[in-house]
Structures are given as C-alpha cells and as structure tokens.
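Novice: What follows is each chain in one-letter form.
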Amino acid sequence: MMKKVIIYKGFERFWHWAQAALILFLMLTGFEIHSSYSFFGFENAVIFHNIAAVVLVALVIVAIFWHFATGEWKQYLPTFKNFRAQVNFYLFGIFRNAPHPHKKRLLSKLNPLQRLVYLGLKILVIPVMVISGLLYMYYRYPFRGGLKTIGLDGLEVVAVLHTVGAIMLVAFLVVHLYLITTGHTPTSNLNAMITGYEEIEDDGDEI
Amino acid sequence: MRNPVSVLLFIGALLLLLIFGRMVTKPEPTYDLELLKERYPSQHVASVDHSKLPALQGKFDKPSDVTRACVSCHTERHKELLESTHWKWEREAYIPGRGVTYAGKKNLINNFCIGIGSNEQSCNRCHAGYGWEDNSFDFSKWENIDCLVCHDNSAVYVKGIGMAGYPEPDVDLSIAAQGVGLPTTWNCGSCHFFSGGGNNVKHGDLEVALVQTTRDVDVHMGQDAGQMQCVDCHEAENHKMLGKMYSVSSSNEGRMNCEKCHGPVPHETSILNEHSVKVACQTCHIPEFAKVNATKMHWDWSTAGKLDENGEPMEIVDENGNDTYLSIKGSFVWKKHVQPEYQWFNGTADHYFLGDKVDTTQVIPINTLFGEYSDPASKIIPVKVHRARQIYDCSNNTIIQPRLYAVSKGEGAYWKDFDWDIAARLGMEAIGEPYSGNFCWVDTKMNWPVNHMVSPADKALSCEDCHTREDGRLAALTDFYMPGRDRNKTIDVLGLIIILASLAGVLTHALIRIAASSRRGGGK
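Residue numbers (our numbering), protein chains in the order written: chain L, 1 to 207; chain R, 1001 to 1524.
Source of the hints: derived by calculation from the structure; they are not laboratory data. Keep in mind it's a predicted model, so treat the numbers as computed, not measured. A hint or two may mislead.
[Stated by the list, open to error] Taking lysine-lysine and the DSS-like style, the derived pairs with C-alpha atoms no more than 27 Å apart in a straight line are:
| hint | chain 1 | residue 1 | chain 2 | residue 2 |
| --- | --- | --- | --- | --- |
| 1 | R | K1062 | R | K1079 |
| 2 | L | K148 | L | K122 |
| 3 | R | K1052 | R | K1088 |
| 4 | L | K4 | L | K148 |
| 5 | R | K1260 | L | K148 |
| 6 | R | K1336 | L | K148 |
[What the hints assert, rightly or not] Facing chain L, according to a computed beta carbon distance under 8 Å, are these residues of chain R, among others:
| hint | residue |
| --- | --- |
| 7 | G1371 |
| 8 | S1374 |
| 9 | S1502 |
| 10 | A1510 |
| 11 | R1513 |
Glycine included, each C-beta is placed from N, C-alpha and C at the ideal position.
For reference, chain L alone in the conformation it holds in the complex:
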C-alpha cells in the first residue's frame, strides 16, 4: 500500500532550491573568472560571485543549524547496509524494472549511496570550496585604513583547490540531475523536492 507523506519539509525544500540556484550561479560566474568564457565581464563576474558566495555561506550556516536542531543530520550517517544492493540496482536492477532496494523512510530518506555522496559533499567538497573561497577573498583585507595580508605565498594552491572543487561539483550536478529520473517514476523525485510530498510504501512499519 502506498501512502502520501511529506518527505521534504518546507525549510528543506527552500534550502535545496536556494542552494541549487546559488551553486549554479556560482558555477556560471566562477568559470567566467576562470576565463572559460565571457558572459558578465570579469569585474561583474567577480562581484556577483563574491556576493553569491557570501549568501551561500550564510545559507549553509543556517542549514547546518537546522540539521542539528532537527536531528536531520543523522540522515547522512554512512551505512553499508544495502550498499551492494543499491549499487547492483543502479547497474542491473533498474534496467529490469526491479524494485528499489532501499525503502524510503522519513528517518531514512537517503539510500546508502546517496548518504555517502552527500556526506562527501558536506564534509569534503563544500568545506574545501568555502575555505579556499574565503582565503581567495580574504588573503588580503582592509584593516584600520590599511591592508593586511595573511601571508599566503600566492593564490596558486588556493585557486587550484577551488577549481578542483568546482569540477567535482559540476560532475556531481551532471549525475545528480540524471538520478532525479530514477525514482518510482521518472518525475516522482522531482515532484517530491518541489511539493514535499512523495508516495512511499506503507508496509505497516512506522514510516
């Protein structure tokens, strides 16, 4: 029996879409700063990128508090239960229209692969981007009418790390966008992230 429940709360959806928009915008402006193309013009790209970065950091801070305040952070605890089954599903089962090995639950929205990837984003990619980004912005900064620097030898390490992170995020985005279509129906995941509601199997357990 299927049951319609709110799987993504209002804040979660706001957080997800705001973050999505900001990261897309940061990609657009960031790769322009990287001189991959010209669109806004270098100066505007830098200004917009810096503003969007500050907003994103603010959003991330709020989201971190939200996750700890609501206990939702536990969703990202890695588990290897069903890990192999999940891999098998994406590699084989999905083509045979096999059922999802992971049963979505309110307390366990993410399958083992998602847990691992999102945890990686949260503890590796995002921190690398935020820290290298802040160093990029503040390795010299105004201080009491003058300028201070934090004595970096140069931007190279910071910039290359920031680029590596950006590349990982683009690759993530490609796969993430595709995996949206792998729910019960090709649009059920997207619908869930827009409306919050998803039909999940009610097999009598507490969902």
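Once you've looked at the hints, dock chain R against the given chain L.
Specialist: Frame of chain L; chain R shown alone:
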C-alpha cells in the same frame, strides 16, 4: 521551529551571519578626493616681492653675482644646494653585489646620448650650476650654483647650448633675479622635458605639453582639472626633493608616491584596494604614455655617419616632425600613445657602471629594476623600455663612452668629425677607462618607470586588461598565479575528462534504460 533549542540555534546562526557581514563591509576611503580637489588648484602667494629688494637692483655682470645676491639674504641655502642631487649629480647608495656606490648622471650612462664624460660642455647645460665643462669642476664653489634655472619665474632665463650651464649671453639677469619664486612646471621642464636632446625624448611621460594640458592627458596638471605644478607633489625640504628617477637612482628612499595624498585605500571597492598590495597605482592609472607628442623608443647609433652629397650631415624628419635619422646620432623609432611594459619593482636598482664587462649574448640592461612577486616590498609598475644599439669595445667587452660634442671640427668629437674610433678613444680617455681600438655595436635596453600622465579614472585599466588568458598586459610577469590568466592545465584537462565521463556515463545509462524499457513493451 517549534523546538526552543532550534530557535536559540537559529538566533545563533543570525549572529554569525551578522559577524560575517561585518567582515565584508566596505572600508571608508581614508583620504577624501573632494578635499584634495578643494586643496588644488592652489595659487602660491609669495610673501616677498623680490623686485623690491635692494640686493637685486642694478645690473648683474655675471650669473654668479646673482647667486651671491641670493645668498646675501638666504644665507644657508647654498649649503643645502651643495649637498643636493641637482648639484652633485650623484647619490650614495648601497647596491647588492657592488656595495656602497656613488653614482648618478655624473658617472652613469644611458642608451640615448650615452653619458657626460668628455661631453660636459653640452650635457651639463642642465646642471644646476655654472662652468662644469670637464672633470676639473670644483663642487665646493657655491658661487657657481645656478639659482635661476629653477627659480626664475619671469621666463627670460635660458641656459646656453654648449655653454656648460651658463645662461645665454643676452639674458637680462636683473629681470630674472627680480622675478624669482617657487619653481614652476616650466622651470623643472626646461631640463626634465628636454632630456635626451629634445622634447619627450627620454621619459615619454614628461614633456612640454604638460605646461598647458587637459585632464585627459594628466588629471593632476590639466588646466581643466588639478592645475598642479611639479612642486605640488615633488615637495622639497632644504632643497631635498621627493621623487627620483631610477635611470640613475638606486635606493629606496626619498620616493614620491600617490598614497601620500590619496592614502593607502583610495578606492570604494575593497577588491581594488587589495590590489595595491602588489600593484602600484600607476600600473592601472597610466594606461599609456606619450599621449600628446611622441617619445623615442629605439635608437640605432650604428647607422650614424652617412653624409649627403656635399659631405654635410643629414636630418630626415617624418610626417609628424620627428627625426627618424640624424647623421650625428643614427636612426630613431618614435611612438605616441605607448602602452607601458610592466615589471616588479621594490625601489632599488642597479646600473651599468663604466668598466663593467657585458654579456653580448643577450640584450644588455643599462639599468636593472629589482623586484619579484615573492618580495613583499615589490609592486608591479609601468615602465618605458628604451632599446638601443650602441657602441662597445668588443675586445674589452665594455660599453664605450664616446666623445660626441666639440665646438669645432678636428677635436675628435663624433658629431663634428664622424670618426667612431677617435671619438671612442677620446671619450674613454676622459673617463679613465681603457679602449682596445676595436669597437662593435651592442643591443641595450633601459628602464624608465612611468609616473606621470595619470589618466582620469574612467580611462584606467579594467580587469580584463590583465585578467585574461592571452596577451594580457601582465603576460610577461609569470612568477605568480593570476586569476583569469593562469590555470593548472593538468587539472583543467582532468576536470574536463571527469565531467565528460560523467555525462557519457549518465547518457549511456539513460539509453540502456530506454532500450530496456521499450523491450519490456514501453510503460515505465
């Protein structure tokens, strides 16, 4: 947010945001441009009318009598002058690898008219003194100080050509003496605009057009802008002036800089202010020099000496009135609206000292500006690089100081007799350096930092002028990572592969899904 703990945490998050917001607020410019605009233009009102002073009445027979009259009231000023660079043409400086040196126009060379040795009669027209015609000049005789060249505001005073600093004989010294005051742009320019033998030859950013110009050419000196005079920035105390030229200077002291008036953080955008840690103001704000009249960019001495059919020296002039060939000097390339080259500079420099051996496998630097990215004292500055081919001793591997100037033929000066061998021998003899008798030509370059002809802010460089992959203004400075110009090619290629592989992966996956689904008979 029904949970009180979460409300508290949310407030905490907002507080953090506030702190973060404080970090990104704009700094206030420390010096207000409007205040500067009020301060300038300023007319200096003299407290003394020198035409009323008894000491300056009557006729002056000799220019040194004017100097005596000056010192009769300004009783200590001559002592300051005797210690000044305008008088000594040398400075004490420590140069790494050389130790303490005493160098300046007196004993250094350039790649224009080479140097003063044996040519004092002509070159030393611009010495702030009288009678330095050879190396027996007595630098302790204060009577020979030329006060008027800097302080005559009547514009009647002119130093004579080939007169070793003496004024032209028909100058009315009384009018000049009674018309003294603060040096005007014209006073400074009478030498500094015409160095190298003509207007704007050497500097490229100092020329006669600055006397009467517009803000497009120079925001400070433009008559429709600051109306500033040289001495408004180049302030002097006890005849020691701020600012120096690293064609002949070596040490990082007594420099003039923009920050003195504009402060260390003059922009409203902090990202621009942050640039000032590594980039000198001039780099962005002087996008080009020689804005009005052309400047010499290349000088080839090796073509000199061709005479016309009557055996007379020739002069070939281009359509803009610039010499492109002179029998006495060789051929020249002049350029207008020149984009500077850019170099790291920490305020110290080295020079070619006469007698130094040269490495002719490369272009010989006549002066070297020290600096690099990793040196916190270094900033990127704009430079006019003057390139030349000039005479050197190919047995001794030394650059030759030739004798160029003489009053008449037969004295061995190149400009009269057109014989390089004799000119080289006499020149080297005069400065006490050996000459082997073999002369050749060598390519040299000389760095002239560009500091004037500051453009209006809207004409300053924009980000893309440097932050661009190819052919940016700073393409030659490769010792640091610059966003927009530099990238790690390996990372970029690997990144592209990863992204394309992800795309290929999901596309393949999707295709198999579609194929499998249609084999099952459509539906899902």
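Novice: Work down the list of hints and note, for each, if the structure agrees.
Specialist: Going through the hints against the structure:
| no. | hint | result |
| --- | --- | --- |
| 1 | R:K1062 / R:K1079 | holds (21 Å) |
| 2 | L:K148 / L:K122 | violated (31 Å) |
| 3 | R:K1052 / R:K1088 | violated (32 Å) |
| 4 | L:K4 / L:K148 | violated (56 Å) |
| 5 | R:K1260 / L:K148 | holds (19 Å) |
| 6 | R:K1336 / L:K148 | violated (39 Å) |
| 7 | G1371 | violated (15 Å) |
| 8 | S1374 | holds (7 Å) |
| 9 | S1502 | holds (4 Å) |
| 10 | A1510 | holds (7 Å) |
| 11 | R1513 | holds (6 Å) |
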